[in-house]
Structures are given as structure tokens and as C-alpha cells.
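Here is how the chains run, residue by residue.
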Amino acid sequence: MANKSVWSDNRFWQRTATWVTGFAAVLLIWLTFDTSAQISMGTDEDLKQGVTKRVPGPTVINYKIEYLMDAKRGHEVPVIGGKNAEGRSAFQEKEKFFGRDDWTEEEAGALLHLGKLGSQAKNCMNCHTLLGNGAYYAPDLTKAWLDPAWGPEGSLQAMTGKNTKEEAMAEFLQHPSQYPTHERMMPNLGITADEAKGLVAFLKHMSSIDTNGFPRNFGKIQGAVHGK
Amino acid sequence: MASNTLNESKQLATWYFTFAFILFGAQLLFGLVAATQFVMPGFLFEILDFSVARTLHINALVVWMVFAMFGSVYWLLPDETGINTIGIKMGKLLYWVFVAAIAVVVLVYIFVQVGPADQTTIWFIMEGREYIEAPRWADIGIVVVALGFVANLFLTGMKGKQTGIVTVLMADMIAFAGLYLAGMFFTDNISVDQYWWWWVIHLWVEATWEVFVGAIAAYGLITMIGAHRKVVEMWLWIEVAMLFGSGILGMGHHYFWIGTPEYWWEIGALFSALEPIPLVAMFVHVLYDWGKTQGAEEEAGNPASVINNKPAFTWFVLNAFGNFLGAGIWGFFHTLPQVNLYTHGTQFTSAHGHLAFFGAYATILIGMMYIAVQGKNNIKVLKNTKSSIWAVSMIAGGVMGMTVALTIAGYVQVLVSRAQMGATWAGYFDGQEGMWFAQGMDWRLIMGLVTFLGFALLAKDLLTTGKNPVHER
Numbered sequence: 001m002a003n004k005s006v007w008s009d010n011r012f013w014q015r016t017a018t019w020v021t022g023f024a025a026v027l028l029i030w031l032t033f034d035t036s037a038q039i040s041m042g043t044d045e046d047l048k049q050g051v052t053k054r055v056p057g058p059t060v061i062n063y064k065i066e067y068l069m070d071a072k073r074g075h076e077v078p079v080i081g082g083k084n085a086e087g088r089s090a091f092q093e094k095e096k097f098f099g100r101d102d103w104t105e106e107e108a109g110a111l112l113h114l115g116k117l118g119s120q121a122k123n124c125m126n127c128h129t130l131l132g133n134g135a136y137y138a139p140d141l142t143k144a145w146l147d148p149a150w151g152p153e154g155s156l157q158a159m160t161g162k163n164t165k166e167e168a169m170a171e172f173l174q175h176p177s178q179y180p181t182h183e184r185m186m187p188n189l190g191i192t193a194d195e196a197k198g199l200v201a202f203l204k205h206m207s208s209i210d211t212n213g214f215p216r217n218f219g220k221i222q223g224a225v226h227g228k
Numbered sequence: 001m002a003s004n005t006l007n008e009s010k011q012l013a014t015w016y017f018t019f020a021f022i023l024f025g026a027q028l029l030f031g032l033v034a035a036t037q038f039v040m041p042g043f044l045f046e047i048l049d050f051s052v053a054r055t056l057h058i059n060a061l062v063v064w065m066v067f068a069m070f071g072s073v074y075w076l077l078p079d080e081t082g083i084n085t086i087g088i089k090m091g092k093l094l095y096w097v098f099v100a101a102i103a104v105v106v107l108v109y110i111f112v113q114v115g116p117a118d119q120t121t122i123w124f125i126m127e128g129r130e131y132i133e134a135p136r137w138a139d140i141g142i143v144v145v146a147l148g149f150v151a152n153l154f155l156t157g158m159k160g161k162q163t164g165i166v167t168v169l170m171a172d173m174i175a176f177a178g179l180y181l182a183g184m185f186f187t188d189n190i191s192v193d194q195y196w197w198w199w200v201i202h203l204w205v206e207a208t209w210e211v212f213v214g215a216i217a218a219y220g221l222i223t224m225i226g227a228h229r230k231v232v233e234m235w236l237w238i239e240v241a242m243l244f245g246s247g248i249l250g251m252g253h254h255y256f257w258i259g260t261p262e263y264w265w266e267i268g269a270l271f272s273a274l275e276p277i278p279l280v281a282m283f284v285h286v287l288y289d290w291g292k293t294q295g296a297e298e299e300a301g302n303p304a305s306v307i308n309n310k311p312a313f314t315w316f317v318l319n320a321f322g323n324f325l326g327a328g329i330w331g332f333f334h335t336l337p338q339v340n341l342y343t344h345g346t347q348f349t350s351a352h353g354h355l356a357f358f359g360a361y362a363t364i365l366i367g368m369m370y371i372a373v374q375g376k377n378n379i380k381v382l383k384n385t386k387s388s389i390w391a392v393s394m395i396a397g398g399v400m401g402m403t404v405a406l407t408i409a410g411y412v413q414v415l416v417s418r419a420q421m422g423a424t425w426a427g428y429f430d431g432q433e434g435m436w437f438a439q440g441m442d443w444r445l446i447m448g449l450v451t452f453l454g455f456a457l458l459a460k461d462l463l464t465t466g467k468n469p470v471h472e473r
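Quick note, the sequences are listed as chains A and B, same order.
Going by our numbering, the first residue of the first sequence is number 1, and it counts up by one from there.
Going by our numbering, the first residue of the second sequence is number 1, and it counts up by one from there.
Each hint should be verified, as a subset may be incorrect.
Stated by the list, open to error - Derived BS3-like pairs: lysine-lysine, alpha-carbon spacing no greater than 30 Å straight-line:
{"id": "1", "chain 1": "B", "residue 1": "159", "chain 2": "B", "residue 2": "292"}
{"id": "2", "chain 1": "A", "residue 1": "4", "chain 2": "A", "residue 2": "83"}
{"id": "3", "chain 1": "B", "residue 1": "230", "chain 2": "B", "residue 2": "161"}
{"id": "4", "chain 1": "B", "residue 1": "292", "chain 2": "A", "residue 2": "4"}
{"id": "5", "chain 1": "B", "residue 1": "467", "chain 2": "B", "residue 2": "386"}
{"id": "6", "chain 1": "B", "residue 1": "230", "chain 2": "A", "residue 2": "4"}
{"id": "7", "chain 1": "B", "residue 1": "92", "chain 2": "B", "residue 2": "386"}
{"id": "8", "chain 1": "B", "residue 1": "386", "chain 2": "A", "residue 2": "4"}
Keep in mind that the hints were calculated from the coordinates and are not lab data.
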């Protein structure tokens, strides 16, 4: 045992494993504090003051939301309430959501709460992806609110016979199998009118989350305009 | 193992393995339903929809693996510690609690499926979060059962001989149980939701479960080929360092696009790119120990094979390679953010998921089932049979076939739905209608059927091989 090398010593490797694991875990916890602060939900005050949050407050549903190329960051970002001189969110331009653009923080928060609960209670994630996570049987919902198909010229809005995006989406969610868009259909999940409203608010809110440019080229049907 | 009555801990292990195997069958059946729906969308529409079939497919997967993991620990504990497992009565009680809870959850998934958008659904029907859909009451039950299991492991490990393998398992299993708590809360903020959701999913399958596999492989090498414990345990510690060193921060690759800051691109890319390294090491380690032990025996004039359980060892070697291929290679394919921007949320992920869960976990847990068959029947050398060879070939071939088919389908999605069309509703269905995508789905279903036939043969072999007279007793 006199010239025993440290490299063949189990105690040495046990300690190495402990230190490496401890170091990685501490780093993860430290980063979690930083990330948690950055992804905490914003407030109505933030929106009014023009503070950009990665996850805006629920009253973002009162604003127009776009998904535009940010030259500096090199990818698309959500632009809320029109853009300012630098091309960033101006938080000015409102957009009616079910006929109103003055949803209070409490009302909008309650809608979002209902929608998020609904997204889980109806198991959306086991057909769709949300923020790209879930199942692959149906389209990604991350930016579904911004899908041109639901817009004024879009086939999906036309199909439901409604005049606004939110009403079209809510109608579809309540009676999905009445509106077959593809051989693969969405089943009826017993979604009520209130729940549908909440779900659409949840989708509109999700489209305002800064996802670092995922998905790329959303809604730019002409081709890979921002391909890199 | 000389006595004719099976040690109580090992008996409990066989219960765990049995229920695990039944759930394994359920996983494959519901997988076939979901795969059929890709090919024939009207199949069971509004009766057992894709979302229900898929929930059952992935939940049965996770739960059978957890059952087989608990079973593996109960099996090896008496061998490693040299004493009877402490708290075995509680272990048996918790087993039945666990089985009953799973049965209720599955029946609710099948017959209730979804609920109104309120907390009662979250508590009693389903939480709607992929992989951890189980309702909150069941979450609490799972934590109680897991803590009981961890308590038995700790009490036995501290009283008996605390080998390196047992020490690793103790540390690993407490982290495994504790991490589940990160998935037990509701928030309106989907970015926060998914941030913590990954703490459960990623830190299970890319950290604690991988370390578990390292410990089981170490146990298998010692019991099946008589590898030197000191060498095996040194490798195990090196593997733990590499697996946790890369896997914990490798979590960053799930934080590219969920609302989290950009620095996760660099952290996720770097550490997850390192994740395959321990998997290469584990593969080399298994082959090296096998060759070394066999070589030493041959040197000593004993040319007989050192392997005392052929089918189990086959599955262990397949594990070493499958882990590297499925988790390592297929994971690395799409782990860099530049690539993941287009592959995230496509069948590419699904291809990786199939090969990785199979290669890294299903294989070694099936191997442990063969070790249990050997021990239960007092067999000195368990040999391969025709069905054991056909089973392993058809299952491995079937899963590999599904993986290739899904990878090709994933390419179509990346090119058409993502790069070209930008992930809209229309873009999504353009991709799904691609010829290569559609054929990929056909082949996935065919290969799924091959896998299922292999499973049937495996069931037959596990049930009958113990009484087969070909083995040395």
C-alpha cells in the first residue's frame, strides 16, 4: 500500500463526486434565484410605465401584441402596444379583447387564472405543445394568438363565422369537432363559454412571453425570411 | 441464495417487478393506440382520444420504471448489506397502497379524462402536466410511498454493510424522492410552471435515474461476472461525478425557449454537450470489466464463460450501448440551441425519448427481472432460450425502428413546419401531410407492433424460463 496512487483511490473519487455534485447543485440554485426574479409575472403598473417584463402582467390582454424581428437581439420578440423609435414595445396601442380594452388587473388576473387552470384540466399538453413542450399531435400554442389563420383574413376565423379573433377562438374551443380543419380533429372537451374566454386570455398572455425567438419565423409564410 | 425460501426483501422485489411488467404492457398497448391515431385519426375519436392514450402511455412508462427501480433496490439490498431489509412489513403495505393508488388514477384517466377548469380537477382528476399528470392526492400518496421506501433503504444501509453501491443509492434515492416535490404546486405563470416542472423531469431522467443505472450496472457486474468490487465502485464514483457534473446544469437545455433568460443557451449547450461523456464511459466500463474478468479466467485455464446469467447480461450490455446511443447520441443531435430552435417540440424529441427511455432504463430493469428469475429459482447459470433471444432482438429492433421512423418524421417537421412555415397552424399541418412524415408514422406503428410481439415473448420467457431444465442449478 506504500505507493498507492490517488487516482485508484475510491475515497478520492467519492470526494470528487460529492464536490462536483455539490458545486453543480449550488450553481443551479443560484441561477434559479436569478431566473425566478426575471420570469416573475409583471403588473399592470409595469405595462403602464413601459417596463418590459419577460412574462408581462395579465392586463397585457388590453394591448395589441406583435412578434417582430429585433435587430439587436437577432431574433423575434413580442412587441406590446405598438413599437417605439427603437422598435421595442411602446405599450401604447390598445386592442379590444371581448369588446373591452380596460380589463382591470383583478379581472384580467381572474381570466388568466381560469385559463391556466383550464389548460391543465383539459390536458391540452398531451396533444399540443405549450412553449414547445408537450405532445406532437397538434399545433404548437406558444404564439397561437398571433397565428394569421385566426386573424381577420384567416381561414379559421372565417370558418367560425365570428368577427373577432378572440370570439372565433372561443367558439372553436367550445365546439371543436363541429369545425373540422383537418382529418385529425380536436375532440369536444366540455369547455364552457367562460372557460373558453379564460383559455383565449391564457393564449393571448402566452404570446406576450419573451421566448428568446422561439418559434422562429412565426407566421411569415413566405419562407425562411429570418433564417440563420 | 442458498436457502429455498426467498428472502423477504427479494420476495417484495418480485412483487414490484410483476406489477412493473404489467404496466410495461399497458404502456405499449396505449402507445399502439396513440400510434394508430396518427395513421387513422378517427380511431377511438371522442372515446379514448390521443391525449388520453398518450397520458396513459407516458404515465405507465414512468410508473413501471419507478416500480422496477424500487424492486431492484429491494432485490439487491440483502446481497449488498448482508442483513435483512429493515421495515419490510411497511414496505409490503406501501406496495399495496401504491398499486391501489395507481389503479384508481388509471381508471379516472380512462373514464373521467378531463374536468372543469378548477382546483377539484387538479386535485382529483388530473394536473395536465406532461409526465406528472397524476392528480394532487396521488402526488401526496407517491411522496408517502417514496419516503417509506427511502426510509427502509436508509435504515438497512446504515445498520448493515454500507458498500459504495448502497451509499450511492441512498444519496440518489433521497434526491429522487425530494425532487418530486418541485412538481406539486399550481401557478398562473406558465414560465415558472415549466421551470420547476423540469426540475422533476430533467433531474430525474438525466441525473438521478442515470446515477441509479450506474449503481445497478455496478451490482450486475459484481453478481453476474464476478467483477472486482473495488474497481467497479471506483468507476461508479467517477460516473457519479460525471453524470451529476454534466446533468444538473445540463438542465439549461430545457430553458432555451420557455421565457427564461438567454444565459441558459450557453449553460445548457455546454453542460448538456458533456452529458454523453459518462454514457460513453459506462459502455466502455461494462465491456472492459467483462473482457478483463473473462481474460483472467482463461489465463487461469478456465475457458467457460464468466457470465452466470446470459439473458440478464445481454440486457445489461444493451443498456450500456442503448444509453449511449439513445440518451447520448440522439440527445446530442438536438441539444444545441441553434439546432433546438427548429427541433424543439417536433417528432425529433419523440425519437430521442423512445430510444433514451428504452436504452437507458427499460433494458437494465428487464435485466434485473432476469436476475430475480434466476435468484427465485435457485439457478446457478441462467442460459438464453429461443424466446429470450427473440424477445431481446424484436424489442431492440422494434424500438430502433420506431426511433428511425420518428427521426425522419421529425426532419420533415423541422424543414416544412418550422424552417419554412414558421410553426403556425397551417405550417404544422403542411408538415404532417408530408409524404415522408406520413410514411414515418406508418413505420412507427409497424415497428411498435414488432416491439409488442417482442414484449409478449419476453413475458412468456420470464414466466417459464425459471422451470426450464436447460439451466445449471
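Each hint, compared with the structure:
{"no.": "1", "hint": "B:159 <-> B:292", "result": "violated, 33 Å"}
{"no.": "2", "hint": "A:4 <-> A:83", "result": "violated, 69 Å"}
{"no.": "3", "hint": "B:230 <-> B:161", "result": "holds, 15 Å"}
{"no.": "4", "hint": "B:292 <-> A:4", "result": "holds, 21 Å"}
{"no.": "5", "hint": "B:467 <-> B:386", "result": "holds, 15 Å"}
{"no.": "6", "hint": "B:230 <-> A:4", "result": "holds, 14 Å"}
{"no.": "7", "hint": "B:92 <-> B:386", "result": "violated, 35 Å"}
{"no.": "8", "hint": "B:386 <-> A:4", "result": "violated, 48 Å"}
Taken one by one, the earlier hints fail for this structure at numbers 1, 2, 7, 8, listed in ascending order.
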